[in-house]
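Here is what each chain is made of, one letter per residue.
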Amino acid sequence: DAMVIQNPRYQVTQFGKPVTLSCSQTLNHNVMYWYQQKSSQAPKLLFHYYDKDFNNEADTPDNFQSRRPNTSFCFLDIRSPGLGDAAMYLCATSREDGGTDTQYFGPGTRLTVL
Amino acid sequence: GNSVTQMEGPVTLSEEAFLTINCTYTATGYPSLFWYVQYPGEGLQLLLKATKADDKGSNKGFEATYRKETTSFHLEKGSVQVSDSAVYFCALSEVEYGGSNYKLTFGKGTLLTVNP
Numbered sequence: 729d730a731m732v733i734q735n736p737r738y739q740v741t742q743f744g745k746p747v748t749l750s751c752s753q754t755l756n757h758n759v760m761y762w763y764q765q766k767s768s769q770a771p772k773l774l775f776h777y778y779d780k781d782f783n784n785e786a787d788t789p790d791n792f793q794s795r796r797p798n799t800s801f802c803f804l805d806i807r808s809p810g811l812g813d814a815a816m817y818l819c820a821t822s823r824e825d826g827g828t829d830t831q832y833f834g835p836g837t838r839l840t841v842l
Numbered sequence: 020g021n022s023v024t025q026m027e028g029p030v031t032l033s034e035e036a037f038l039t040i041n042c043t044y045t046a047t048g049y050p051s052l053f054w055y056v057q058y059p060g061e062g063l064q065l066l067l068k069a070t071k072a073d074d075k076g077s078n079k080g081f082e083a084t085y086r087k088e089t090t091s092f093h094l095e096k097g098s099v100q101v102s103d104s105a106v107y108f109c110a111l112s113e114v115e116y117g118g119s120n121y122k123l124t125f126g127k128g129t130l131l132t133v134n135p
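Which chain is which? The protein sequence lines are A and B, in order.
Numbering of the first sequence is given in this note's numbering, commencing with residue 729 and proceeding in unit increments.
Numbering of the second sequence is given in this note's numbering, commencing with residue 20 and proceeding in unit increments.
No lab work stands behind these hints, which were simulated from the structure alone.
Any given hint could turn out to be false.
Claimed, not checked - Computed far set for chain B versus chain A, every beta-carbon distance over 12 Å:
1) F37
2) L38
3) D73
4) K79
5) T90
6) L123
7) T124
8) P135
Stated by the list, open to error - Stretch by stretch, here's where chain B covers chain A in the computed footprint (C-beta under 8 Å, at least three residues):
9) 762 to 771
10) 803 to 815
11) 834 to 841
It should be emphasised that the depicted structure is a prediction, and the values quoted were computed from it without experimental measurement.
Note that beta-carbon positions come from the ideal geometry of N, C-alpha and C, so glycine has one too.
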């Protein structure tokens, strides 16, 4: 029944050790998004894919990369996590990249950096 | 750029009380407006939305009206329940100046706790 699935739900990594977060969707939506949400803050868009087209936000650090090998899956790679990257990472999807479209969110992955 | 300001929480109410969470926005054009809710341990889910001025979004007893003249989209519910305890996010969707893609901009969220 789940529509947007994120694995793992909790991830612990060490300072500087690369980590990959996973998102999959059963909605067959064209657009997939990655957000970073720090404690008591609003979700902040890192980047999104419209189909295979990648759109990076101007202020997303180079340390953050993403891959979308097919419609269903999207990955967030953090090449060298710092303590400041500890956060909840939210994946979302939408049917189209239009302003009125609802975004459907996964439960999030909480990343801890030691 | 675009921004959303919503009332600071936390908000604590008794069951059956009236709820208002204020939300105002800044945008260059005609954004779509949303309220998302995040229950404990879960992702965000859409509560309601409005896509043009004077539209009223409603769902599960919650309502919000898109007021262009006051750039507001306040969330209201006449009688809250314990199960409404969650974080509520106001958001807008618009293409930012100089950009080409729609972007969802969130407020900081308001934690609502409803006591029995």
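Outcome of the hint check:
Once the 12 Å rule is applied to beta carbons, B/F37 is consistent with being away from chain A; the minimum gap is 25 Å. Against the 12 Å criterion, B/L38 stays outside the reach of chain A, whose nearest CB is about 20 Å from its own CB. Against the 12 Å criterion, B/D73 stays outside the reach of chain A, whose nearest CB is about 16 Å from its own CB. The non-interface label for B/K79 is consistent with chain A: the shortest C-beta to C-beta separation is roughly 15 Å, beyond 12 Å.
For B/T90, the shortest C-beta to C-beta distance to chain A comes to about 16 Å, beyond the 12 Å cut-off, and the non-interface label holds. For B/L123, the requirement that its beta carbon stay farther than 12 Å from each beta carbon of chain A is not met, with the minimum near 6 Å. Remark: the non-interface label on B/T124 conflicts with the geometry, its nearest Cβ contact in chain A lying 8 Å away (cut-off 12 Å). The non-interface label for B/P135 is consistent with chain A: the shortest C-beta to C-beta separation is roughly 26 Å, beyond 12 Å.
With 4 residues having a Cβ less than 8 Å from any Cβ of chain B, the region 762 to 771 of chain A passes the three-residue criterion, so the hint holds. A stretch counts as covered by a chain when three or more of its residues have a beta carbon under 8 Å from one of that chain; for the region 803 to 815 of chain A and chain B the count is 0, and the coverage is violated. Residues of the region 834 to 841 of chain A with a Cβ under 8 Å from some Cβ of chain B number 3, which satisfies the need for three, so the listed coverage holds.
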